[in-house]
Every structure is written in C-alpha cells, then in structure tokens.
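Protein chains in written order, with my numbering: chain X, 1 to 106; chain V, 1001 to 1171.
No lab work stands behind these hints: they were computed from the structure.
These numbers were taken from a predicted model, which means no experiment stands behind them.
The reader is advised that the hints may include incorrect statements.
[Claimed, not checked] Simulated crosslink set (BS3-like; lysine-lysine; CA at most 27 angstroms straight-line):
{"id": "1", "chain 1": "V", "residue 1": "Lys1108", "chain 2": "V", "residue 2": "Lys1065"}
{"id": "2", "chain 1": "X", "residue 1": "Lys28", "chain 2": "V", "residue 2": "Lys1065"}
{"id": "3", "chain 1": "X", "residue 1": "Lys70", "chain 2": "V", "residue 2": "Lys1024"}
{"id": "4", "chain 1": "V", "residue 1": "Lys1161", "chain 2": "X", "residue 2": "Lys43"}
{"id": "5", "chain 1": "V", "residue 1": "Lys1161", "chain 2": "X", "residue 2": "Lys85"}
{"id": "6", "chain 1": "V", "residue 1": "Lys1141", "chain 2": "X", "residue 2": "Lys43"}
The primary structure of each chain is shown beneath.
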Amino acid sequence: MTSVYQSKFYTLYQSNTDRYFYIDFGQKVVKLSFCQLLALRQKVNSISIEAHFDADLNKHGFEVLMLCNKEHLFLLNTLEILDLKNLVCYGFALLGISSENTMVAS
Amino acid sequence: MKNIARQQMSIKVSSMDLLNNQIKLEAHASATYLAMASWCDQNAFTNSAEFFYAQSAEERDHMMKIFKFISESGGIAISPTVEDINHDFSNLEEVFETALDHEIMVTKSIHKILATARNDQDYVVENFLQWFVQEQLEEEKSLRNILDLFELMGRDGIALKLIDERVTRGE
Ligand SMILES: [Fe+2]
Ligand SMILES: [Fe+2]
Chain X
1 MTSVYQSKFY TLYQSNTDRY FYIDFGQKVV KLSFCQLLAL RQKVNSISIE
51 AHFDADLNKH GFEVLMLCNK EHLFLLNTLE ILDLKNLVCY GFALLGISSE
101 NTMVAS
Chain V
1001 MKNIARQQMS IKVSSMDLLN NQIKLEAHAS ATYLAMASWC DQNAFTNSAE
1051 FFYAQSAEER DHMMKIFKFI SESGGIAISP TVEDINHDFS NLEEVFETAL
1101 DHEIMVTKSI HKILATARND QDYVVENFLQ WFVQEQLEEE KSLRNILDLF
1151 ELMGRDGIAL KLIDERVTRG E
C-alpha cells in the first residue's frame, strides 16, 4: 500500500494490488473504490466552512459525513473538516487528475 | 505509484466541477424558458410560447449531454437543484431580452470552462465543449433576430401580434 498524502489527522493510501483507496480516519480505516473517493471529495467540498462560523447556520460546528452509500458515518468538527478538505485537495492533485491550478487556488 | 485514478477517469476533477456547475446553469435555463413560455401563454403570444417550450426542451438536452459526458468519463454527475425562477415580465420584448442576457451568461460560462480546460491540458473536455460554443452562437443569433423585430415593427398591440406571428420554433 502506498501513502498518497498525509494531512494532520488523516492519511490517504492507494493499493496497487486491489486497486482501492484507503483513508485512515484515526478511529477506523475506510476502504473506497475510486468512485467512492470521488463521492467523498464531492461531499467534503460542498461543506460550507463559513457556516461553521455562523451560529444560525451551524449551531454546534459539527458536520455529519456519510460515506460509501451510508456504510460509514462520521461526526467531524470544524478543524477536522478543514483538514479533510486539505487531504482531498492535495490528495487529488497527487493522484494526477486535478488541475495544477487548483492547488494554488485552495 | 500506479495511476489508478487516471485509469478510472479521463477528465480532470477541476473540469468535472465546472461541468457540474454548467449542468446547473442549463437546468436553470430550461426552467427559466418554461416560465417565459407560461408568461407568453398567459398573454396570448402563442408562437412565442411554443418557441420557449422548444427552447426549454433544448436546454434540458444540453444538460443531459453534459451529464452523460461526465458519467462516461468516469466522473460523478450531480443532479441539479433549480431555484429562483422569475415569472414576472412587463412586456414581450423584456422576455426576449432577458432570454438573450441569459444566453450570453451561459456563453461566458462555456468559454470560461473551455479556457480552464485548455490551461489544464484537458483536451477531451476542450473538444467536447466545441459543440457548445457553436450552439451558443446560434442561440444568441436567433434571439437577436427576434429582438430586431421590435425595432422594425414597433411595440404597440398590433405590432406585438405581428411579431409573435413571426416567431417560429428554433428560428
Ligand atoms: Fe444551453
Ligand atoms: Fe441556450
């Protein structure tokens, strides 16, 4: 298994043997197909971090994240979400299918 | 490291994001044209209503074209939500003018995605978008032709009826 990118709390791995991706969330490791990894990116990117700083929009500053067609459920705080956004951004850039320019932008 | 991600997907994720956003714009255009068709029906501009029904269907086709392209490229296409559809217009000319403004906005968006794709050397996306560049040109032109009729024939009741008679589907 090859480590693709390690953020503060999480690590993204790629397995060349079973062609799956793995994210070590600390409390558990989640196995994802490429499509599921894409779906995770979609979900993470659509989380409004601004809402975490507005008590009306997100009162407690938590985010519920469901992965792999609701197989996994995570409750993440603001810092964890920011870190996950970072993992997704750099992880995809390193996987070689991201725009070279997005890394500068985000 | 094997490039498993690239083996699964032929386009860049940045292009995918922009194309998903374009899906939203096309869906919004489709719904907007439906609202315009409704206004024209209410005001007895039958041909104009038919024109907008046809436009609405075309925009949905555009949306589906992008939707399927994303899926076929190995990406995830997102079903759009459509909000804020305006149903209020003060006259027929305003309807067509708003439609043209909408098309110009869509054209700009297509150009922006194309420029980004070119910059990222995402040539599959660049090639896919060429069809849309041409399509936008034609849609802008047909609306401009209709707007010219108002200059030509005026804006009183009879003129408006005559203009409506001249509006044909996909002109
Ligand atoms: Fe369109
Ligand atoms: Fe259009």
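| message | Between the alpha carbons of Lys1141 of chain V and Lys43 of chain X, is the straight-line distance 27 angstroms or under? | response | 39 angstroms, violated
| task | Take the C-alpha atoms of Lys1161 of chain V and Lys43 of chain X, compute the straight-line distance between them, and say whether it is at most 27 angstroms. | result | Since the Cα atoms of Lys1161 of chain V and Lys43 of chain X sit roughly 50 angstroms apart, the hinted pair is violated (cutoff 27 angstroms).
| said: Next pair to validate is Lys1108 of chain V with Lys1065 of chain V; report whether the Cα-Cα distance is within 27 angstroms. | reply: 18 angstroms, holds
| Given the hint that Lys28 of chain X pairs with Lys1065 of chain V, does the C-alpha gap stay at or below 27 angstroms? | 39 angstroms, violated
| field | Pairwise hint evaluation, Lys85 of chain X against Lys1161 of chain V, where the allowed Cα distance is 27 angstroms at most | value | 56 angstroms, violated
| Straight-line Cα separation of Lys70 of chain X and Lys1024 of chain V no greater than 27 angstroms? | 25 angstroms, holds
Figure legend: structure checked against the earlier numbered hints; hints not met, in rising order: 2, 4, 5, 6.
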